[in-house]
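Peer 1: Take a look at the letters that make up each chain.
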Amino acid sequence: MARLCRKVMGKIMPKFTRAKALEDKQTHYCPGCTHGVIHRLIAEVIDEMDIEGNTVGVFPVGCAVLGYQYVKFDGVQASHGRAPAAATGIKRAKPDRLVFTYQGDGDLAAIGTGEVVHAAARGENITTIFVNNTIYGMTGGQMAPTTLPGQKTQTSPFGRDTDKVGFPIRICELLSTLDGVAYAERVSLHDVKHINAAKKAIKKAFEIQMEGKGFSIVELLSNCPTNWAMTPPDSLKWIKENMVPYYPLGVYKDAEKGVTQR
Amino acid sequence: MKKTLMKGNEAVAEAAIRAGCKCYFGYPITPQNEVGAYMSARIHKRGGVFLQAESEIGAINMIYGCAATGTRCMTSSSSPGISLKTEGISYIAGADLPAVIVSVQRGGPGLGTIQPSQADYYQSTRAMGHGDLRLPVFAPYSVQEMVDMTTEAFELAEEYLTPVIILADGLLGQMMEPVSFGDDNSEKPGKSFSWAADGHMGKREKNEITSLRLYSEELEESVNKRFARFEKFKENHTRAEAVNCDDADIVVAAYGSASRVVQSAMEMARSEGIKVGTFRPITVSPFPEKALREACKVAKKVLVVEMSMGQMIDDVKMALEYKLPIEFYGRQGGFVPGPEEILEKIRGMKV
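So the sequence lines, in the order shown, correspond to chains R and D.
FYI, our numbering numbers position 255 of the first sequence as 255, with every residue one higher than the one before it.
FYI, our numbering numbers position 309 of the second sequence as 1309, with every residue one higher than the one before it.
In short, the hints are calculated from the structure, not lab data.
Where is the CB? At the ideal position from N, CA and C, for every residue including glycine.
Warning: the hint list may mix true and false statements.
Said to hold, decoys possible - Output of the computed footprint for chain R on chain D, the stretches with three or more beta carbons under 8 Å from beta carbons of chain R:
{"no.": "1", "region": "1044-1056"}
{"no.": "2", "region": "1065-1071"}
{"no.": "3", "region": "1154-1168"}
{"no.": "4", "region": "1196-1205"}
{"no.": "5", "region": "1266-1275"}
Can you make the complete structure from the sequences, with help from the hints?
Peer 2: Following this line, the structure appears as structure tokens:
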């Protein structure tokens, strides 16, 4: 058997190796967290497109604040919510680079709504990787703009009361109304099938950017076992059973195909 | 050299383009709108980018990203807008990135007035964002100085890896004066920097641009290095102008617009036989302490004139170590004091 392959259940399978665009480093993420999966998906896409040297990633304030340490391409750490503005500055200075922001729900859908909406409206030729896990992870699990109605968090200890604090924001639906958006898709990471679909969405978004077609966003429904106080398998089940019904998966905008789903 | 009659705000924009500024990000606010207007009409024809951001916060973070790629860039704003930018300026400084920021002061606090003011001296010299931070701040007093300082600021920002502030005010921004410009370097390619996060292209190790330093040792070291650079800047670039101080009984200290009025007041006082000299800090941060002490060698009293309740006066007191009586005259609310008011104050000082 070749060194890069091994036999699994009678089939010759490629050996599972580290994506080239990832550093050989242990991450600080909690066990079972999907950030590692997302980092890997991005790195695999960058490897497949052979654009590592041409990529600049913009990392947020939040759990992924140290993301630039885990990748082999250039990284810029932005202030809370401002990643799309920082990415705009990079892209306008270096239009032929692949520039993406990596943002959580607190970063993007609360403090950074202004920046993401206007980057999208301008048709800024960048990609936003939006990690929606319904909670502020890094600060210890406070209620986020995407926290589900009734969901308990550190700052909604009795469950999110929509009478008092209103409703979650559906970012893909909201941004798909903007003409500057070339591509918007929501995917989930709760099982292998959906993880594969998530990778395809990221690749599509990056390709659209490299073709110069405008703003693209991939929203990934993700977990937070620590702050949800669940085991990793239970957290994946929770995504499927609670998040997917509230945040339906699919392509919300594909300017090429004329798809606009609101 | 050929002179052109130009508004301060427009002259700053032209100077920036000539200095090789490739990107300008801004947000409208009076009294500095001519900077953005001038840029929007011209910079793209000379190889640059103008973008009107969604807010001052957006604009300063665009500067952060642009500066991270090693590209020359500038933003401008006025008091409430500068307040919004300070978080971003702190990040830019914390990540050791070069940028030029033009602050055209108006009266405050709050929305205040669109009239000129010098009430943001503390903000510029002490508090351009959170954290242990000192930034170079130039205080022009003419449209020509706005041009010269903007040109120089781009070079110094890259040499000292820091945001550099041009602290003007609504009067300097709005008034027209004849100015001459240096070489037009707008077509020249920018420098490339080993630290820039502009895609490694397989030719170098990756670069990380960040102000995050979670380990105390690492943060302390970075702050110390930054302050060492500021000390070096202090040695090489602290600047001031002293006029008629050799025999002056009273030295009047003022910067920017106020210093122009003080100049007239001095001439009026001299013609009455009162021995007055003037001292003008050209860099307000670092403050020209030695030059002030030198200028006040024979002085019996010092008068500080500002378009505020008195902010620079603190630096004057510290520089002179409270050894001389220091008086203050200020106007607020957008008023620019007239020379007669200052003369009246000088007459009453009885030396």
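Peer 1: Within the region 1196-1205 of chain D, is the number of residues with a Cβ closer than 8 Å to a Cβ of chain R three or more?
Peer 2: holds (count 7)
Peer 1: Three or more residues of the region 1044-1056 of chain D near chain R by CB distance under 8 Å?
Peer 2: holds (count 5)
Peer 1: Check whether three or more residues of the region 1154-1168 of chain D sit with their beta carbon closer than 8 Å to a beta carbon of chain R.
Peer 2: As far as the region 1154-1168 of chain D goes, the hint is violated, because 0 residues have Cβ atoms under 8 Å from chain R.
Peer 1: Examine the region 1065-1071 of chain D: at least three residues should have C-beta closer than 8 Å to a C-beta of chain R.
Peer 2: n = 6 at 8 Å, threshold three: holds.
Peer 1: Given as covered by chain R, does the region 1266-1275 of chain D meet the bar of three residues or more with CB within less than 8 Å?
Peer 2: Per the Cβ count (0), the hint is violated.
Hint compliance for this structure: hints 3, 5 are not met, and every other hint is.
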